[in-house]
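Peer 1: Each chain is listed here by its residues.
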Amino acid sequence: MKKILLCIMVLLIAAGFQAFGESLSIIVKETQAREKPSYLSKGIAKLKYGDKVDTLQLQKDWYKVKLKGGKTGWIHSSAVTNKKIVLKSSKADAEKYANSKDVVLAGKGFNEQVEKQYKQQSKLDFSAIDKLEKIDVTPEQKEDFLRDGQLEGWEGGE
Amino acid sequence: MRITLTIFALLVVFLSFSCISLENLSVDDIKKVVDTADKIQKSMEDFTPEQEYYIGRAVGAQVLDRYKPYNNKKASDYINRLGQTLAVFSDRPEIFGGYHFMILDSNDINAFATPSGLVFITRGLLRLAESEDGVAAILSHEIGHIVEKHGLQSIKQARVTEALTSAAITAADTAGFEELSKLTDTFSDSINDIAKTMIVNGYSRDFELQADGIAVKILSRVGYDPEVLVGLLESLAENYKSGGLDFAKTHPEPRKRIDNVKKVMKDYKPASNAGAATREKRFKAFIKEI
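Residue numbers (the numbering used here), protein chains in the order written: chain A, 1 to 158; chain B, 1 to 290.
Derived from the structure by calculation, the hints contain no laboratory data. A portion of the hints provided could be inaccurate.
With a straight-line cut-off of 16 Å between C-alpha atoms, the simulated EDC-like cross-links for lysine to aspartate or glutamate are [said to hold, decoys possible]:
id	chain 1	residue 1	chain 2	residue 2
1	B	Lys269	A	Glu152
2	A	Lys119	B	Asp77
3	A	Lys64	A	Glu112
4	A	Lys131	B	Asp77
5	B	Lys74	A	Asp136
6	A	Lys116	B	Asp185
7	A	Lys123	B	Asp65
8	A	Lys66	A	Glu22
9	A	Lys29	A	Glu112
Using the sequences and the hints, build the whole thing.
Peer 2: This is the structure:
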């Protein structure tokens, strides 16, 4: 009976993680919290891989989150995870969390060091890829592009 | 609500039975069961976005080992404004390193999308587009491959299991030489799997149809005419030489894709013609560079 109760508690705790007020982590290299729930809206805070945000509200695919300094902003759901991100992991962390479904070890598996080794072995040139990744189109440029072409500018959801 | 309660009750019963049955096993037995189950469950979905990013960069380097970049700033700016705007309207607008688009200096008719959001399009393919809507259709199709992680799905399961369960899964500064070497071999094999599928053999017909469906969705959301994808496929069909080395080798016969696109299009409203003149003007300026 105790085991059943324990299992029920585990389920309820898991369900609780879906509630608002949960802490989410940024799962992309860099993103912006925006004034409104739209990619065409102005970026108000830069967020980096592993940064944590507390959610306040979910509107379609956008989370309203609390930012440093008491401000609030909107982040798209594809930029966050409810998993814990360990940015600098020790060997003990690596052993403990290597197969965890709830923890992301930054730099685990295929990482910068593996790429470096692969570069040496394959003799492939990554310089054009590095250059390509620097091409970033700003929200203002995207908005101008849509407006000039009289495109609809879908605001983050149908 | 009743369904939810039923599922909840079933889960409780299942879980309690699972807990009780574990009593008859030793700790080592349980560990073995968990390890085996874990290995079986590992799939490409378990790659972190960061790992996907490094895979995609290396696949991109493989593409550039076969094709030269087309260094034209005006054309590159246009393709990135268009492509990065389209990506925002996909179901996966944020990707670890962002979406980036490169024109390849080749008369081949082809395009490639790596797992991490890098899209490569040849000048030969771009020349088949007759409007901005046409270029948008090409790019949206490639974004579709990224959204659905088609590249990652080309990695052989044995390598995925090895990459995600091996003892070499450690942070960079904790990996020993042997672990790093083993992991690099798995990485290299994985990149070769993707490059072979993407550049040499092509994706399955189902993946191409799926990417077409996503292209229609993106085009429609942005306000482009999805019908243009049909025109583009017809144009590709005219240039399709079975047994050819580029597009024909890596894509199914375009006419087979047209019916699918027409079927998907029925779910979306037709685009308005507003802004066509401006789009025509900027497309002409772009295609002049191609």
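Peer 1: Indicate, hint by hint, whether the structure satisfies it.
Peer 2: Comparing the hints with the structure gives:
no., hint, in the structure
1, B:Lys269 <-> A:Glu152, "12 Å, holds"
2, A:Lys119 <-> B:Asp77, "28 Å, violated"
3, A:Lys64 <-> A:Glu112, "32 Å, violated"
4, A:Lys131 <-> B:Asp77, "13 Å, holds"
5, B:Lys74 <-> A:Asp136, "14 Å, holds"
6, A:Lys116 <-> B:Asp185, "12 Å, holds"
7, A:Lys123 <-> B:Asp65, "10 Å, holds"
8, A:Lys66 <-> A:Glu22, "11 Å, holds"
9, A:Lys29 <-> A:Glu112, "13 Å, holds"
The structure fails to meet hints 2 and 3 from the earlier list, while all remaining hints are met.
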